[in-house]
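Protein chains in written order, with my numbering: chain A, 1 to 623; chain B, 1 to 581.
Rather than coming from a laboratory, the hints here were simulated on the basis of the structure.
Just so it is clear, the structure is predicted and the values come from calculations on it, not from any experiment.
A hint or two may mislead.
Label pairs and their calculated CB-CB ranges [unchecked claim]:
hint, chain 1, residue 1, chain 2, residue 2, range
1, B, LEU66, A, ARG214, 28 to 34 Å
2, A, ARG214, B, PRO316, 34 to 40 Å
3, B, ALA163, A, LEU93, 15 to 21 Å
4, B, SER503, A, ASP615, 42 to 48 Å
5, B, ASP93, A, THR543, 52 to 58 Å
6, A, ASP615, B, GLU517, 47 to 53 Å
7, A, ASP542, B, LEU574, 26 to 32 Å
8, A, ARG505, B, TRP5, 38 to 44 Å
Taking lysine-lysine pairs in the DSS-like style, the calculated list, with each CA pair at most 25 Å apart, reads [to be verified]:
hint, chain 1, residue 1, chain 2, residue 2
9, B, LYS173, B, LYS236
10, B, LYS173, A, LYS115
11, A, LYS605, B, LYS510
12, A, LYS115, A, LYS127
13, B, LYS228, A, LYS334
14, A, LYS495, A, LYS555
15, B, LYS228, A, LYS127
16, B, LYS510, A, LYS334
17, A, LYS115, B, LYS510
Heads up, the beta-carbon is just placed ideally off N, CA and C, and yes, glycines get one too.
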Amino acid sequence: MGAPASGNGRSPAGTRGPQRDERLEETRDWQMIVGLWRFVRPYRGLFLISMLLLPAISACLLAQPYIVKRAIDDYIAVGTVDGLGTWAMWFGLCIAGEFFFLYWQHYFTMLVAQKSLADLRVAVFEKVQAMETAYFDRNPVGRLVTRMTTDVDVINEMFAAGALTVLMDVLTLVGIVVIMMMIHFELALVTLSVLPVMAVLVDFFRRKARRYYRLIRERIARINAYLQECISGMTVIQLFAREEEVYAEFDRRNALHRDAYHRSNLYEASLFSIVEAVSNITVALIVWYGAHLVVGEPVSAQSAVAGVVGFGTLVAFIEYMNKFFIPVRDFSTKYAVMQSALTAAERVFALLEIQPGIRSPESPAPTPEAAGTIEFDRVSFAYIEGEPVLRDLSFKVAAGEHIAIVGATGSGKTTITKLLTRFYDVNEGRILVDGLDVREWNLNDLRRRIGNVQQDVYLFTDNVRENIRLWSSTIDNERVEGAAAQVHADGFIEKLRGGYAEDVRERGNNFSTGQRQLLSFARALSHRPEILVLDEATSSVDTETEELIQDAVEKLQRNRTSLVIAHRLSTIENADRILVLHHGRLRENGTHAELIAQPDGVYAKLYRLQREAEDERRAHMIS
Amino acid sequence: MKRLWQYVLRYKLRYLIGTACLFATASMVMAIPYFTRVAIDAIRGSDTDALSVVMRCTAAIISLALVQALVRTVSRTLIFNTGRDIEYALRNDLFRHLETLPQAYYQRQRTGDLMSRLVNDIGAVRLMLGPGILTFINTPVYCGYAFTLMMLMDVRLTLAAMAPFPILLWVVKRYSRAMMESTMRTQERLADISSFVQEHISGIHVVKAYVREQARAETFRTLNEQFKHESMEVAKLRGRIFPFIRIVSSLGILVVLYYGGTLVVRGTLTLGQLVAFIAYLHILAWPIMALGWMISIYQRGRAALIRLDEILDTVPSIRNRPEPAIADPMNGHIVFEGVEFGYPGSDETDSVLRRIDLEVPAGSSLGVIGRTGSGKSTIAMLVPRLFDVSGGRVTVDGIDVRDWDLSRLRSGIGFVPQDPFLFSQSIGRNIEFARPDVTQEEVMRMIEMAGLDSDLAEFPHGVETQVGERGVTLSGGQKQRLTLARAVARDPRILVLDDALSSVDAATEKRILDELESVMQDRTTIIISHRVASVRLADQIAVVDEGRIIESGTHAELVAQGGIYADLHARQRLTEELEAM
């Protein structure tokens with residue numbers, strides 16, 4: 001019990017335990033990238049454009065030092081300015097090109113990102129929406145909202161922060177090495193000779209830092225878990241006057257987190273400093289070795305063949321090395337962004353993979369003629385295994401019959417309505433609607449046939465009209481207003497400043513309990529169901545509204561089969577038949593007159609209870 | 001911002017050393033182009049000892065690089081660690097402050113929101129204090145340094161080469177405002193999506209019952225489109241600023257190449273100086289790129305700080321008076337004198353309690369019964385000062401609870417709240433929470449008293465069984481009984497049960513109440529319930545409705561009176577009979 005749904009319970013930072021080794025992480029990374037590609041694919045044209053712009057940017061970048069070399073060697077060093085302007089122009093063009101291509105590259109990447117992530121968000125939305133009710137019992141709303149908003153946004157950050165330009169970076173790095181080798185092979189070798197040393201050092205510190213990143217993730221998760229618990233239990237902490245001890249524990253966790261960061265900061269700073277130092281050392285190498293080449297006194301004998309080297313070459317080499325280290329410095333940031341994006345992607349995709357437990361069968365049986373019969377055939381059901389709510393329940397409802405279900409709290413009344421509309425599936429037995437097992441129905445057709453008024457009225461933030469017709473295009477204004485008039489909702493609606501266009505605030509805050517009920521009646525009626533399932537609210541309303549509701553319930557039931565979980569004596573007494581539910585079993589079944597004739601029966605007692613409760617409610621209203 | 005300075009000042013020495021190191025690093029970085037220049041000019045000048053000059057320059061650059069790496073490591077570690085230290089201190093201070101805020105605050109504030117402040121917002125502030133401050137110092141230092149050194153070589157070339165930089169400042173200033181506005185609009189659209197989804201899932205049963213999934217998905221798509229549109233606006237702005245930041249130093253190089261090249265040919269500038277110019281512009285590229293990043297960090301950090309200040313500026317409405325009173329030892333004599341109560345912010349007609357007068361002598365018991373929303377729980381919460389009265393007073397041992405030392409008062413009260421809250425620890429640890437020095441025997445006795453012993457036998461690890469987050473592995477009744485055991489383990493003078501046995505079945509309740517009798521014997525007890533069975537044995541019973549006491553007396557008296565209590569009694573007997581059928 002209490003375990004989150006499979007593959008969905010991963011909490012933001014915490015549960016990626018340290019036991020997950022690197023290889024597993026890499027496999028996951030690839031799976032996620034493949035998963036993301038599914039959403040990028042429809043926009044592969046745009047994506048291709050943005051990818052093709054990457055080499056263009058690289059080319060503009062790589063040309064610049066070469067132009068500097070030519071400008072120095074061919075003009076500045078030899079003392080002529082004729083033609084220098086042309087090279088300056090080329091240089092300017094390269095800068096302009098870099099700007100232009102960068103802009104469009106970013107634009108197209110973001111376009112692809114926004115389009116595909118919007119699709120992803122819709123996919124998640126539709127998946128969640130299709131889930132069975134039990135799924136929502138297990139998963140808190142907040143978590144599902146996070147999947148569709150924060151998590152997808154983190155993936156977006158990967159595109160926005162230019163993590164994809166890693167490709168361009170690699171291209172640039174390779175380009176730099178190749179061009180340097182082409183300009184002067186030997187000087188290039190000498191210059192690049194420190195890179196392996198750097199790679200080894202960087203890798204060493206990266207591994208160290210990585211270990212601490214894991215620790216940090218765990219420790220922040222531990223802070224958050226404790227924080228969450230303390231905030232929810234603050235009253236208990238205060239009541240027991242244990243603020244000091246709780247604070248001490250929080251401080252301990254907080255300090256552990258800080259210490260891990262102190263260590264990782266040291267490694268990160270070393271890493272950064274090493275890269276900087278190496279970049280400076282390459283300059284020294286270029287100057288030292290290059291100077292020998294320029295003067296014509298080579299350091300080794302072989303290089304004499306290579307010939308004279310101009311100053312421009314030295315400058316170009318220094319420039320290339322500068323450009324070389326920019327992506328190298330950037331890499332760790334990009335890597336971090338990418339990692340958190342992939343973690344978010346993992347959570348989102350895990351959600352996408354879950355199959356809804358209740359859905360239409362592959363090939364649903366043809367929808368039967370609308371008649372309005374219901375049959376429960378030896379139905380048993382439990383929300384939690386071992387705690388049965390309905391046991392071996394059987395009853396039949398003929399077309400057009402009005403049934404009232406009564407029973408004490410916890411007898412399983414509401415569950416009947418949830419099974420009928422397939423919010424949950426029975427554990428044993430079967431339910432037939434118009435002669436067809438609900439599990440063979442096309443789910444949408446089944447639910448369209450049944451009008452469902454729940455005890456707790458849910459209103460959406462929209463206007464009154466949309467709350468009645470629920471955004472259905474087939475229900476016109478006339479039908480909305482007709483339904484409202486029938487259930488007496490028109491009275492208060494027309495008094496509203498905006499009438500049917502009046503805004504409904506979150507959860508219908510701006511309407512009274514009675515008004516909300518009438519609205520939900522209008523909602524049910526406007527959809528013209530063949531079968532009405534009504535779970536009467538127990539909350540007390542004023543006498544006037546009470547009368548309106550009583551009459552509205554009668555109107556709702558007219559000309560259709562109805563199954564009402566009744567709390568009102570009038571509803572009970574007017575029913576064609578009463579089913580008495582007790583501890584999940586059908587105990588009594590008959591008309592009011594028949595059942596009341598058994599003074600020791602469950603119904604007789606329930607009826608007395610109900611009447612006393614109603615008397616009290618009335619007395620309360622008058623006082 | 002003012003509050004932040006207090007933290008920063010606490011570490012001023014470290015920031016000073018860090019800054020000094022940054023200066024040292026910058027000086028060394030800036031010296032490198034100088035040596036490059038000297039080397040190049042030496043070769044170009046065809047000096048006889050050109051190569052030995054080159055050797056010396058090379059050696060200088062390499063040693064600078066190595067020393068610099070060390071100093072840089074120190075400065076970065078120092079500044080980043082200080083950022084973490086402040087984050088740590090700030091988080092601790094926030095937590096401490098949260099501990100002082102009353103229940104009323106937590107009713108208003110959503111847990112998720114508070115969490116987000118203590119996690120995300122503190123993170124944003126930390127970013128401002130670590131990398132933010134580093135960049136904040138670095139960028140002007142590097143710019144100033146480079147500018148001065150370049151000016152020393154050639155004033156006109158410097159001005160020409162630096163010309164793109166003011167343009168950059170202008171662009172950043174101009175677009176960063178537009179970008180912030182655009183980003184905020186994006187955030188609003190995202191919030192729209194978020195609230196839509198939130199509402200959609202809360203009302204999913206209606207959507208499903210009416211088969212309106214399609215329509216809702218359409219609306220979601222529309223919201224998504226709007227978000228996409230705003231995001232693209234941000235992308236376009238970013239697309240303009242960031243490439244510009246990237247190319248600005250290249251623009252400088254263009255100037256140096258053309259104009260500087262001409263100067264070299266004319267002989268007013270050496271080739272080495274030209275190379276040095278290019279090198280300085282390269283050095284500037286990185287701090288300049290960090291500039292744009294720093295701006296967004298600063299903006300986020302400031303917004304986060306405002307949200308944190310909101311917590312820290314909330315004055316705890318329930319706290320000790322300057323010189324609090326205590327009665328030692330506490331006897332547990334409770335008196336309500338004309339108590340009025342309304343939740344803060346609600347108007348007078350919504351008042352929860354009206355003129356409540358009650359006296360509970362030390363060692364006696366009081367039962368309070370009433371319907372949901374009658375105000376019965378509020379009576380219980382006023383004793384340990386979870387809320388303060390709006391009129392009248394509540395006294396314990398003759399001292400107004402508002403004058404009591406808060407932790408002494410609460411230490412004397414064992415309170416079992418309506419909503420059982422347990423920590424995700426073992427059963428034993430949850431009982432020990434009441435009193436760390438509780439013995440193992442006492443723990444077992446409490447468990448027995450609360451009727452948990454038979455449940456415990458079924459748990460795999462007995463007392464060591466973990467209860468899970470908020471006690472999810474236990475049933476509602478087990479949770480309530482464990483919280484009862486915890487309260488009694490405190491050995492309090494006053495025991496308050498706030499509808500604490502609502503999830504326990506009638507038979508178990510009876511057993512627990514029998515067990516409790518011995519516990520209650522020498523303690524003042526207040527039992528709040530909606531069930532007659534829970535309160536019938538109390539020395540006095542008060543029936544509460546709409547915030548008033550409408551009937552009071554002993555069980556026998558009230559039943560004889562034939563009022564509401566008698567009705568309730570009859571009805572609950574009927575319910576019990578029904579349950580038993």
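Status of the hints after comparison with the structure:
{"no.": "1", "hint": "B:LEU66 with A:ARG214: 28 to 34 Å", "verdict": "31 Å, holds"}
{"no.": "2", "hint": "A:ARG214 with B:PRO316: 34 to 40 Å", "verdict": "38 Å, holds"}
{"no.": "3", "hint": "B:ALA163 with A:LEU93: 15 to 21 Å", "verdict": "19 Å, holds"}
{"no.": "4", "hint": "B:SER503 with A:ASP615: 42 to 48 Å", "verdict": "28 Å, violated"}
{"no.": "5", "hint": "B:ASP93 with A:THR543: 52 to 58 Å", "verdict": "56 Å, holds"}
{"no.": "6", "hint": "A:ASP615 with B:GLU517: 47 to 53 Å", "verdict": "35 Å, violated"}
{"no.": "7", "hint": "A:ASP542 with B:LEU574: 26 to 32 Å", "verdict": "27 Å, holds"}
{"no.": "8", "hint": "A:ARG505 with B:TRP5: 38 to 44 Å", "verdict": "42 Å, holds"}
{"no.": "9", "hint": "B:LYS173 with B:LYS236", "verdict": "16 Å, holds"}
{"no.": "10", "hint": "B:LYS173 with A:LYS115", "verdict": "30 Å, violated"}
{"no.": "11", "hint": "A:LYS605 with B:LYS510", "verdict": "23 Å, holds"}
{"no.": "12", "hint": "A:LYS115 with A:LYS127", "verdict": "18 Å, holds"}
{"no.": "13", "hint": "B:LYS228 with A:LYS334", "verdict": "23 Å, holds"}
{"no.": "14", "hint": "A:LYS495 with A:LYS555", "verdict": "22 Å, holds"}
{"no.": "15", "hint": "B:LYS228 with A:LYS127", "verdict": "21 Å, holds"}
{"no.": "16", "hint": "B:LYS510 with A:LYS334", "verdict": "64 Å, violated"}
{"no.": "17", "hint": "A:LYS115 with B:LYS510", "verdict": "63 Å, violated"}
Of the numbered hints stated above, those contradicted by the structure are hints 4, 6, 10, 16, 17, listed in ascending order.
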